[in-house]
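Visitor: Sequence:
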Amino acid sequence: MKIAFLILAHKNPRQLQLLLNALQHPAFHFYIHIDKKVNAEPFQYLSSQFSNVSFIKKRAKIYWAAFGTIQATLNGFNEIPLDNYDYVNVISAQDFPLRPADEIYEYILKRKGTEFITCESIEDEWPVAPRVKKYHLINWRIPGKYRLGNFLTHILPQRKFPVDHTIVGRANWFTLTTKAIKYSLSFLKENPAVIRYYKYCWGADEFIFSTILYNSSFKTNIAENLVYVKWSADTTIAHPQILTIDDFNELINSSKLFARKFDMESDSLILKKLEEYIGIAEATV
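Going by our numbering, the first residue of the sequence shown is number 905, and it counts up by one from there.
Source of the hints: derived by calculation from the structure; they are not laboratory data.
Hints may be right or wrong, so weigh each one.
Unchecked claim - Simulated restraints, written as ranges between beta carbons of each label pair:
{"id": "1", "residue 1": "Glu-1094", "residue 2": "Lys-962", "range": "19 to 25 Å"}
{"id": "2", "residue 1": "Lys-1049", "residue 2": "Glu-1180", "range": "43 to 49 Å"}
{"id": "3", "residue 1": "Glu-1180", "residue 2": "Leu-1060", "range": "51 to 57 Å"}
{"id": "4", "residue 1": "Met-905", "residue 2": "Ile-1156", "range": "23 to 29 Å"}
{"id": "5", "residue 1": "Ser-1159", "residue 2": "Phe-1065", "range": "31 to 37 Å"}
{"id": "6", "residue 1": "Tyr-1181", "residue 2": "Lys-962", "range": "35 to 41 Å"}
{"id": "7", "residue 1": "Leu-1013", "residue 2": "Glu-1094", "range": "27 to 33 Å"}
{"id": "8", "residue 1": "Arg-1063", "residue 2": "Tyr-1181", "range": "44 to 50 Å"}
{"id": "9", "residue 1": "Arg-1100", "residue 2": "Phe-1055", "range": "15 to 21 Å"}
{"id": "10", "residue 1": "Ser-1159", "residue 2": "Ser-951", "range": "32 to 38 Å"}
{"id": "11", "residue 1": "Leu-1173", "residue 2": "Lys-965", "range": "31 to 37 Å"}
{"id": "12", "residue 1": "Trp-1044", "residue 2": "Lys-1014", "range": "43 to 49 Å"}
{"id": "13", "residue 1": "Ala-1033", "residue 2": "Ser-955", "range": "42 to 48 Å"}
{"id": "14", "residue 1": "Pro-946", "residue 2": "Asp-1028", "range": "42 to 48 Å"}
All C-beta atoms in this analysis are idealised placements derived from N, C-alpha and C, irrespective of residue type, glycine included.
Throw the hints in and build the complete structure from the sequences for me.
Guide: The structure is reproduced here in structure tokens:
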């Protein structure tokens, strides 16, 4: 079994280097997408530092909750030679493993065929239906776009999803078989109206692939994703919390294989402790 990692990055190549170092395994290859808004040059040394690192050539600009995250993921899927792999694991450069690379490999191997992508109902389990049903102009780089979106929602008929799907989701970080990815790419090519619909949603990256697979024959193989995320008790805060050394015990007792979100500029000690825990002898930087 071989696994391709698609890593979405936008800052701090030194932290990305730590992530790559912690995940070294003969069956892993890393494909890095650098946000088009930032200079990619500081990241380039990583391809010489690690023989199993490649960069996605077609880059997208990524803005929070906008379509760019989806476009970056699609660009990655289209450049990764999917026939060479059994899985693609989509993570952020601010993720970090909670288990050694060998254990991660064995965990997925024992469950081969499972699609690790969280699929919660947007009506009750994860009540965020307005993010999909209202007009959101998050992709428009204009002032007043939120007011304009609310105005369109008020005057236009309620939005109707272009295909008969139950919409589900939760996280845009997932581990999918290449068969599921090929199916998703084919579905989107055959249903361009779905892409157009999601471009007027808020945070569509948290719905698009979950919904495609949940409404397909892959549904019976779906399990929760493999990434631990800590959310604020304040439900109005849409960003995950930055994990610190105070979270260490909770992280190592988690059933997840990865966690996010880390920022070594805020707390580098947690990364050093996790390196020690998973058996990385010393930091690479």
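Visitor: None of the hints should be skipped; say for each whether it holds.
Guide: Hints, one by one, checked against the model:
1. Glu-1094 - Lys-962: 19 to 25 Å: Given about 21 Å between the Cβ atoms, the range holds.
2. Lys-1049 - Glu-1180: 43 to 49 Å: holds, 46 Å
3. Glu-1180 - Leu-1060: 51 to 57 Å: holds, 56 Å
4. Met-905 - Ile-1156: 23 to 29 Å: About 26 Å separates the Cβ atoms of Met-905 and Ile-1156, which means 23 to 29 Å holds.
5. Ser-1159 - Phe-1065: 31 to 37 Å: holds, 33 Å
6. Tyr-1181 - Lys-962: 35 to 41 Å: holds, 37 Å
7. Leu-1013 - Glu-1094: 27 to 33 Å: holds, 32 Å
8. Arg-1063 - Tyr-1181: 44 to 50 Å: Since Arg-1063 and Tyr-1181 have Cβ atoms about 46 Å apart, the given range 44 to 50 Å holds.
9. Arg-1100 - Phe-1055: 15 to 21 Å: Holds - the Cβ-Cβ distance for Arg-1100 and Phe-1055, about 20 Å, lies within 15 to 21 Å.
10. Ser-1159 - Ser-951: 32 to 38 Å: holds, 33 Å
11. Leu-1173 - Lys-965: 31 to 37 Å: Check passed, 33 Å falls within 31 to 37 Å.
12. Trp-1044 - Lys-1014: 43 to 49 Å: Holds, at about 46 Å.
13. Ala-1033 - Ser-955: 42 to 48 Å: Since the Cβ atoms of Ala-1033 and Ser-955 sit about 46 Å apart, the hinted range of 42 to 48 Å holds.
14. Pro-946 - Asp-1028: 42 to 48 Å: Between Pro-946 and Asp-1028, where Cβ atoms are some 44 Å apart, the hint holds.
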